[in-house]
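Participant: Place chain B on chain A using the hints.
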Amino acid sequence: QVLLVQSGAEVKKPGASVKVSCKASGYTFTSRYIHWVRQAPGQGLEWMGWINPNSGDTNYAQRFQGRVTMTRDTSISTAYMELSRLTSDDAAVYYCAKSYGGPGGDYWGQGTLVTVSS
Amino acid sequence: QSALTQPPSASGSLGQSVTMSCTGTSSDVGAYDYVSWYQQHPGKAPKLMIYEVNKRPSGVPDRFSGSKSGNTASLTVSGLQAEDEADYHCSSYAGSNNLVFGGGTRLTVL
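Quick mapping for you: the protein sequence lines, in order, are chains A and B.
Per the working numbering, the very first residue in the first sequence carries number 1; after that it's consecutive.
Per the working numbering, the very first residue in the second sequence carries number 119; after that it's consecutive.
Quick caveat, the hints were computed from the structure, so don't treat them as lab data.
Hints may contain errors.
[To be verified] Computed cross-link-like contacts, BS3-like style, restricted to lysine-lysine with a CA-CA straight-line distance of at most 27 Å:
#1 K173/B x K186/B
#2 K19/A x K165/B
#3 K19/A x K162/B
#4 K162/B x K23/A
#5 K165/B x K23/A
#6 K23/A x K12/A
#7 K186/B x K165/B
#8 K173/B x K162/B
#9 K162/B x K12/A
#10 K23/A x K13/A
#11 K13/A x K162/B
If we strip away everything but chain A, and leave its shape as in the complex, we get (with noise of 0.2 Å):
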């Protein structure tokens, strides 16, 4: 069965960066995109961007330009997905998916939460 397995809870500081880890089982990583989409506290969802594992391209949000950067190990089935420069805005619980074919995610992880705190 499908699997995205992504790493535990982080704590950090203000102007810290952040990276969260997403490993997938059960298909063909290369096969399909990774989304990252993060949600805030009581709010809903936002898009960051999408990796291609097969190439390793990459497409982010225009908010996140210049502070996100996504990655991928093909040999362990990991994606990565790295944000700096943190604020108290970026606390959240952040989502891989894996794309359906499509613009959207049919498996998520089970989410990271990041705290930003001094």
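Facilitator: Okay, now just chain B, sitting in the frame of chain A:
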């Protein structure tokens, strides 16, 4: 891109039907048949319920249906059950390889 507009809440009685809306623009919802709907229970990850406006992934009950007219997409849940109580989020392709989500609608089953 601006977020899609969803009403913050909706409600319906057990066994009845409810329709939730998702309003975008001619650059996203109105331009592409790539609207998805996600169900999210508290503390859980979203679950894909509808993709490409009206397609249901395997395992999603046919009580869930999607449609689109102009810049507004809709999700209808018929035969409401207690377990349908959740947050529902819509998303749309917005061109240039970008996605946009709505703010979510909290569905209450009375």
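Participant: The structure should be examined with respect to each hint, and the outcome stated for every one.
Facilitator: Structure-based check of all given hints:
1. K173/B x K186/B: 12 Å, holds
2. K19/A x K165/B: 24 Å, holds
3. K19/A x K162/B: The hint holds at about 21 Å.
4. K162/B x K23/A: 18 Å, holds
5. K165/B x K23/A: Judged against 27 Å, a Cα distance of about 18 Å means the pair holds.
6. K23/A x K12/A: 22 Å, holds
7. K186/B x K165/B: 20 Å, holds
8. K173/B x K162/B: Status holds; Cα separation ~23 Å.
9. K162/B x K12/A: Holds: K162/B and K12/A sit about 23 Å apart, inside 27 Å.
10. K23/A x K13/A: Satisfied, since the Cα-Cα distance of roughly 25 Å is no more than 27 Å.
11. K13/A x K162/B: Holds, at roughly 26 Å.
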